[in-house]
Amino acid sequence: MRRDTGATGRIGAMTRMGVTLLLREPGPLVSRLVMPVLLMTLLAPLYRAATDQGTQRAVTGQAVMFSLLALSMVGQGIMSERTWRTWDRLRCSPTSPAEMLAAKAVPPLAFLAAQQVVVLGVGAALLGLRVPHAGLLLAAEAAWVLMLLAVGMALAATMRSPAELVAAQDVGGLVLTGLGGALVPLSLMPHAAQVLAPLSPGYWGVTGLLGALQGDRAAVLRSVLVLVVIALAAWAVAVRRVRRGWSRRDLV
Amino acid sequence: MLEVLGLVKRFGDVVALDGLDLQVAAGEVVGLVGHNGAGKTTAVEVVLGLVRPDAGTVRVGGIDALAEPRRARALTGVAAQDLQLYVTATVRQNLALCAGLAGLPRRAADEALDEVGLAQAADRRVAVLSGGQRRRVQAACALLGRPRLLLLDEPTVGADPQTRSALLAAVRRRADEGAAVLYTTHYLPELVELGATLAAVRAGRVVARGSQAELLAGLPSRVVVSFDDDGGRLGPRGHDEHAPGRDEPPAALVGQPAERDGDAWVIRTRDPGGTLAALVRAGSLPRRVDVQHASLDDLYQALDEAVRDAA
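These protein sequence lines map, in sequence, to chains W and C.
The numbers in my numbering rise by one with no breaks, and the one at position 188 of the first sequence is 188.
The numbers in my numbering rise by one with no breaks, and the one at position 150 of the second sequence is 150.
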């Protein structure tokens, strides 16, 4: 007979399927793990020549830029389920929208954690990156990752087609990384870009990570607060959209 | 087990449901029939909580499904019209997910696969399965854990006869065990095989409900008769006698609503036996006779005519 196993059982079942689907196509995972390591190794000398905190900027910049993988992973995951109509299967079950979204977030979260550990670990081992306050770094990373996952969910829940989602992710990626100072240090960017940078979540991600590496508790706290607020707002949008559902004409 | 009252749903200017009422008792199979766009799938989606109605109530096992959709869904097994399968995952992985969501052990998935005859394909990816096999996977998900209510929305579309027969047998077993089954289809023979009560939907409301015998009883059958060139004339014929058949109806058909269809005559009659007997009595022996009893199309047509007449 059917019985209620609770949210944990349902999230576990959906997460297992999410991992299965992810491992069917491991190419993006491998490339997003290797590319940041290669790039930061190549770029570190340039950053060191350009700024005082070259190593830190090289590592945090690539960590932030390639963490956008989480945005696309969770977004594509949800959009695929919408187009396959499997999302409706989940909605026909006793699962709540929050459980569905949480289950979609677990595999990207796990991979992202592994990616950040690898990037920071290689940065420490090969480039001499110093991590004086692991706790601060963990807080900054956690806030950044949660924000990415929540924004990815909100985008996938509100876009009408895979093509729209890709376009949104392209624009979002630029705003989240380039404008935030992940690619080029802010001090080297035009004045207008420096003024606009705080509007980008990426700015708070970079300043949070840099603050953590420099032991600047206030900077980390500010960053965490801003990112958590953005994450909560995006999460609320996603849950509301999933709860309302889509009619058959909501997919292009 | 399922009680739907006064459902209304509009999509912009389109009225998909217009006061739909429907009841399905435990152990009963109700066949929801109607033209494409009549509102069948929307009704199923509302019952599942996928679409919010503008008005009306839905109760599943006494639970208000609109206020407590998750409790209601826990009692419900669903096979939607669209295939809702993870094509890159295996059959077993798809079933394991369904079992996990329903709070069932993994062995329940294996039992369901056995029931629909897919145990051999359990470790194959859905992407490589035939259309019929995919339908079986979808049905197995619905049957998992013996839900008290089964919502099956055209579950056999594209399935071969063997798959269709297996699925119908499984659904019949569930109904015999006490499940309430709401089954939408365009194939009347499936509902005959299931011994279903018919609920005919037109323009978003149930306009007729009853057994197939009750609903189709008053509708005329089609008797298709073909004659030899001499009109099937029995016995000798005088040289000046007219030979009916090919171009004009035999004498026995005159006065009956008969239409020409190629070499044959099509007679719409509520008494096929009487009509054939009258033909023979009048001296015409058909070369070929085909009696086609009233179908769902005839029912839809009669309902349309009734609504037009009422208007």
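Think of the hints as simulated: they come from the structure by calculation, not from any bench.
We put the CB at the ideal spot given by N, CA and C, even for glycine.
It is possible that part of the hints are untrue.
[Stated by the list, open to error] One side of the interface only, derived from the structure: several residues of chain C facing chain W at Cβ under 10 Å: (1) Glu-45; (2) Gly-49; (3) Arg-71; (4) Tyr-86; (5) Thr-88; (6) Ala-89; (7) Ala-96; (8) Gly-103; (9) Arg-124; (10) Val-128; (11) Leu-129; (12) Gly-132; (13) Leu-276; (14) Val-280.
Notebook entry, point to check: Honestly, which of those hints from before does the structure not fit?
Noted result: Of the numbered hints, 9, 10, 11, 12, 13, 14 do not hold.
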